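Novice: The chain contents come next:
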Amino acid sequence: MTPTDAAVHKTAPPTRAARTERSDLTSSRLRAAFLFLLPMMTVLGVVAGWPLVRTIWLGFTDANLVDLSVTEFIGIENYYAVYDGEAFGLLVDPEWWNAVWNTLWFSVISVSLETALGMAVALVLNLQFKGRGLVRAAVLVPWAIPTIVSAKMWSWMLHDQLGIINELLMGVGLIAEPIAWTANPDTAMWAVIMVDVWKTTPFMALLILAGLQMLPGDIYEAAKVDGVHPVKVFFKVTLPLIRPALVVAVVFRALDALRIFDLIYVLTSNSTTTMSMSVYARQQLVDFQEVGYGSAAATLLFLVIALITTLTLMAGKVNLSEDSK
Amino acid sequence: MASVELQNIIKDFGSTRIIQGVDLKIEEGEFIVFVGPSGCGKSTLLRLVAGLEDISGGDLLIDEEVVNKMSPKQRQIAMVFQSYALYPHMSVFENMAFGLELAGGSKEDIRRKVMDAAQILELEELLERKPKQLSGGQRQRVAIGRAIVRNPKVFLFDEPLSNLDAALRVQMRIEIAKLHRDMQATMIYVTHDQTEAMTLADRIVVINKGRIEQVGSPLELYHRPANKFVAGFIGSPKMNFLPAEVVELLADGVRVKALDSGSVVVPVEGSQLSVGDRVSLGIRPEHLAVSATGPLSGTVEVIEELGESHFLYVRMGDGELITVQGKGDAKARRSEKCNLQPVDAHLHLFDAGGVALPLLQQHEDKAKALA
Ligand SMILES: Nc1ncnc2c1ncn2[C@@H]1O[C@H](COP(=O)(O)OP(=O)(O)OP(=O)(O)O)[C@@H](O)[C@H]1O
Ligand SMILES: [Mg+2]
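So the protein sequences, as listed, match chains A and B.
For what it's worth, this note's numbering labels the leading residue of the first sequence as 1, then goes sequentially.
For what it's worth, this note's numbering labels the leading residue of the second sequence as 1001, then goes sequentially.
It should be emphasised that the hints constitute simulated quantities derived from the structure, not laboratory data.
Source: prediction; values computed, not measured.
Glycine included, C-beta positions come from ideal geometry on N, C-alpha and C.
Possibly wrong hints are sitting among the right ones.
[Unchecked claim] Simulated pairs of lysine-lysine, DSS-like, Cα-Cα distance not exceeding 27 Å:
id, chain 1, residue 1, chain 2, residue 2
1, B, Lys1025, B, Lys1153
2, B, Lys1153, B, Lys1107
3, B, Lys1132, B, Lys1069
4, B, Lys1107, A, Lys236
5, A, Lys232, B, Lys1130
6, B, Lys1337, B, Lys1327
7, B, Lys1132, A, Lys224
8, B, Lys1238, B, Lys1331
9, A, Lys224, A, Lys130
10, B, Lys1228, B, Lys1238
11, B, Lys1073, A, Lys224
12, B, Lys1073, B, Lys1178
13, B, Lys1153, B, Lys1178
14, B, Lys1228, A, Lys232
15, B, Lys1069, B, Lys1153
16, B, Lys1132, A, Lys232
17, A, Lys232, B, Lys1153
18, B, Lys1069, A, Lys224
19, B, Lys1025, B, Lys1228
20, A, Lys224, B, Lys1153
21, B, Lys1113, A, Lys236
22, B, Lys1107, A, Lys224
23, B, Lys1069, A, Lys232
24, B, Lys1130, B, Lys1073
25, B, Lys1130, A, Lys236
26, A, Lys232, B, Lys1113
27, A, Lys236, B, Lys1073
28, B, Lys1178, B, Lys1113
29, A, Lys224, B, Lys1025
30, B, Lys1228, A, Lys224
31, A, Lys224, B, Lys1130
32, B, Lys1073, B, Lys1107
33, A, Lys232, B, Lys1073
34, B, Lys1069, A, Lys130
35, B, Lys1107, B, Lys1132
36, A, Lys236, B, Lys1132
37, B, Lys1153, B, Lys1113
[Stated by the list, open to error] What the simulated footprint calls covered on chain B by chain A, stretch by stretch (three residues with Cβ under 8 Å from a Cβ of chain A suffice, anywhere in the stretch; the number is not a length):
id, region
38, 1053–1063
39, 1068–1079
Just chain A, same shape as in the assembly (with noise of 0.2 Å):
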């Protein structure tokens, strides 16, 4: 045995004791980690898996809440079937791509109003001013009440009769008579967007603050001391250096806002003029009782939704990496 090797069996062993304690030392990390997560993801798949595959499996039966021990495999039927050379199914229904329009328009109408309210709420709320905390803890309360309390003390105060909307308008001339602002086609769109708007800006303003309070304040001092005028301030270096908080209110809202539910079935109930994605599943589920296609409503809506939510978010990262370029 030469002393090298001798070196070498002297220092070897321990290197792989060593490593193999390590490993030992993550694969117990992992394991730990796994126990942990072991019920959230129970969980996460009994409430939220479990549910999905199924409606997406019922999206291919012709199940009826009448009898659901009937239900057969039916294909695609539901979205596309064509009989005596016309042609059935969701992806002709005119009806659903009327809600899929609605939803749109109202997410976007209603996202981008929130975003800029949100942002002159969350600019004042930013400065220093006496019984700031009490502002930004009142500016919180429309989204602290629950939707459907909300929406029904909406559609109380818009109602044809009895609303103080209607009352005020007319006494201070601005309408002659009063309007049904929730039944009325032309302005029930209009209601639900001026009731969400109303509920969700605290919620972007709230988002919005938080970006802003990450600034840095010197550089508005020196812009100050430059000369630089506020507006120009704003748009040249606020809104550049809040834009990743900005991305990702907006996209939180957006996914919200898709889903719409609970406040246009309050305020509007089934009418076509705003029925949305969900709306209208919900109607072939519950109403018509059709589960197997009010089902593929609801996979369709997942798909939209999750599709949009894609696209938005490579949109964010494509911005994302030119900014640190």
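Starting from the known structure of chain A, arrange chain B with the ligands on it as the hints suggest.
Specialist: Below, chain B with the ligands without anything else, positioned relative to chain A:
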């Protein structure tokens, strides 16, 4: 280039008076340095001049015009912040050009101004970079460049170098001195750093608790501090103060006896003193030397060797710890008794209220000759 005049400037935050009536006249092209302990109001005073804070009382004049109510832009000042305050999402070029864009100059004009500044500060290679891709010194140069391009009447600097390491600080200090010489601009500069203050300033303003303690050239403050505060603040290491008693009033000064030690003659005008008065004897560490016959005696507690010089920390009989600075290596040993000999011409005497007694004229001349 402009003169700046502060007339009894006052600043209150709520009910606390932070700046307590400051009078100061700054000449055109002068380099003024504000020094003072932390929290004394240096930054506040600078921000008042800048127009970032409202003035609570008194008048601020730039070029003999009252500017109390004017915005920073109208005052035509430029400020360099300690934190650089660069716009993180803009390139170096955009950072420097941002303040110019509104001024209405043509694109070509702006480009030329920025390029000129970039050349002065050697930033040409970095114009396309974002602030986070720059080193601290480069960022500070960009911040200075942003001030230069605006061609302001007055430059304000709030501790611009304090985030830099020692070597870079020296380099930037020299660059700022050069900049001042080249531009001949009025500059007000806040710093904690003794060396920056001594080397850059035409005049140093020593501030304490929102008041000016003394204004003067660096050497004036060093040789003739007006009071104990300034004496202790200017000069590093700090001046030693020994409690002492007046024993004799002489024609060429005042003989004082430090408690528990021998006596020394301080060349000051002592007409307001009488024998037996309690006074404070001020001796700078560099004006003390170990000598067997020295009148002050104590025990060496700590020795610090710096190579080219050394510090002895000597515990006097009455419990005071005093610092002695000597050239080269220390000869004294720790825990040994030693006697110290002050340079008489450089002694300072402060009365019970901390006010310096005026130096006698002939000794002042002698001190100058010695210095
Ligand atoms: N906006 C403010 N509101 C209330 N008090 C303030 C405000 N700004 C400063 N002060 C107080 O004014 C005093 C002076 O502050 P300033 O920042 O001018 O000190 P400084 O001399 O620059 O100190 P440093 O050397 O630590 O920077 C401090 O006591 C500080 O607490
Ligand atoms: Mg300060």
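Novice: Look at each hint and say if it fits the structure.
Specialist: Quick rundown of the hints versus the structure:
Between Lys1025 (chain B) and Lys1153 (chain B) the alpha-carbon distance is near 15 Å, which keeps this suggested pair within the 27 Å criterion. Distance restraint check for Lys1153 (chain B) and Lys1107 (chain B): the Cα-Cα separation of roughly 23 Å lies within the 27 Å cut-off, and the hinted pair is therefore satisfied. Restraint check: the Cα-Cα separation between Lys1132 (chain B) and Lys1069 (chain B) comes to about 36 Å, which exceeds 27 Å; the hinted pair is violated. Using a Cα cut-off of 27 Å, the hinted pair Lys1107 (chain B) and Lys236 (chain A) holds, with the two alpha carbons roughly 17 Å apart.
A C-alpha spacing of about 20 Å is found between Lys232 (chain A) and Lys1130 (chain B), which places the hinted pair at or below 27 Å, so the restraint holds. Proximity of Lys1337 (chain B) to Lys1327 (chain B) is assessed by CA-CA distance (about 20 Å); at most 27 Å being required, the pair is judged to hold. For the hint linking Lys1132 (chain B) to Lys224 (chain A), the alpha-carbon distance of about 22 Å falls within 27 Å, and the restraint holds. A hinted pair counts as satisfied when its Cα atoms are at most 27 Å apart, and Lys1238 (chain B) with Lys1331 (chain B) qualifies at roughly 22 Å.
Distance restraint check for Lys224 (chain A) and Lys130 (chain A): the Cα-Cα separation of roughly 23 Å lies within the 27 Å cut-off, and the hinted pair is therefore satisfied. Proximity of Lys1228 (chain B) to Lys1238 (chain B) is assessed by CA-CA distance (about 11 Å); at most 27 Å being required, the pair is judged to hold. Under the criterion of a C-alpha separation no larger than 27 Å, the hint pairing Lys1073 (chain B) with Lys224 (chain A) is consistent with the structure, at around 7 Å. For the proposed pair Lys1073 (chain B) and Lys1178 (chain B), the alpha carbon gap of about 26 Å is at most 27 Å, so the pair holds.
Under the criterion of a C-alpha separation no larger than 27 Å, the hint pairing Lys1153 (chain B) with Lys1178 (chain B) is consistent with the structure, at around 18 Å. This hinted pair does not check out: Lys1228 (chain B) and Lys232 (chain A) have alpha carbons roughly 50 Å apart, beyond 27 Å. A threshold of 27 Å between alpha carbons decides the hint, and for Lys1069 (chain B) with Lys1153 (chain B) the separation of about 17 Å falls inside it, so the pair holds. Of the supplied pair hints, the one linking Lys1132 (chain B) and Lys232 (chain A) holds, its CA atoms being roughly 23 Å apart against a limit of 27 Å.
Annotation: proposed proximity of Lys232 (chain A) to Lys1153 (chain B) holds, straight-line Cα distance about 24 Å (limit 27 Å). The suggested pairing of Lys1069 (chain B) with Lys224 (chain A) holds, with an alpha-carbon distance near 14 Å, which does not exceed 27 Å. Restraint check for Lys1025 (chain B) and Lys1228 (chain B): the C-alpha separation of about 24 Å stays at or below 27 Å, so the hint holds. A distance of roughly 16 Å separates the Cα atoms of Lys224 (chain A) and Lys1153 (chain B); the hinted pair therefore holds under the 27 Å criterion.
Distance restraint check for Lys1113 (chain B) and Lys236 (chain A): the Cα-Cα separation of roughly 21 Å lies within the 27 Å cut-off, and the hinted pair is therefore satisfied. Distance restraint check for Lys1107 (chain B) and Lys224 (chain A): the Cα-Cα separation of roughly 22 Å lies within the 27 Å cut-off, and the hinted pair is therefore satisfied. Among the hinted pairs, Lys1069 (chain B) with Lys232 (chain A) is consistent with the structure: their alpha-carbon atoms are about 23 Å apart, no more than 27 Å. For the given pair, Lys1130 (chain B) sits about 25 Å from Lys1073 (chain B) by alpha-carbon distance, which is consistent with the 27 Å threshold.
About 15 Å separates the Cα atoms of Lys1130 (chain B) and Lys236 (chain A), which keeps this hinted pair within 27 Å; it holds. Taking the CA atoms of Lys232 (chain A) and Lys1113 (chain B), the gap is near 21 Å; set against the 27 Å cutoff, the hint holds. The hinted pair formed by Lys236 (chain A) and Lys1073 (chain B) meets the criterion: a straight-line CA distance of about 18 Å does not exceed 27 Å. For the given pair, Lys1178 (chain B) sits about 19 Å from Lys1113 (chain B) by alpha-carbon distance, which is consistent with the 27 Å threshold.
A C-alpha spacing of about 25 Å is found between Lys224 (chain A) and Lys1025 (chain B), which places the hinted pair at or below 27 Å, so the restraint holds. In summary, the hint linking Lys1228 (chain B) to Lys224 (chain A) is not supported, as the alpha carbons are separated by about 39 Å, beyond the 27 Å threshold. Distance check on the hinted pair: Lys224 (chain A) and Lys1130 (chain B) sit about 21 Å apart at the alpha-carbon level, within 27 Å; holds. Distance restraint check for Lys1073 (chain B) and Lys1107 (chain B): the Cα-Cα separation of roughly 21 Å lies within the 27 Å cut-off, and the hinted pair is therefore satisfied.
Note on Lys232 (chain A) and Lys1073 (chain B): the hinted pairing holds, with a Cα-Cα distance of about 15 Å set against a maximum of 27 Å. Simply put, Lys1069 (chain B) and Lys130 (chain A) have alpha-carbon atoms about 24 Å apart, close enough for the 27 Å limit, and the pair holds. About 26 Å separates the Cα atoms of Lys1107 (chain B) and Lys1132 (chain B), which keeps this hinted pair within 27 Å; it holds. About 18 Å separates the Cα atoms of Lys236 (chain A) and Lys1132 (chain B), which keeps this hinted pair within 27 Å; it holds.
Distance check on the hinted pair: Lys1153 (chain B) and Lys1113 (chain B) sit about 16 Å apart at the alpha-carbon level, within 27 Å; holds. Counting residues of the region 1053–1063 of chain B whose CB falls under 8 Å from any CB of chain A gives 0; the rule of at least 3 is not met. As drawn, the region 1068–1079 of chain B meets chain A at 7 residues by the rule of a beta-carbon pair under 8 Å; at three or more, the given contact holds.
Of the numbered hints stated above, those contradicted by the structure are hints 3, 14, 30, 38, listed in ascending order.
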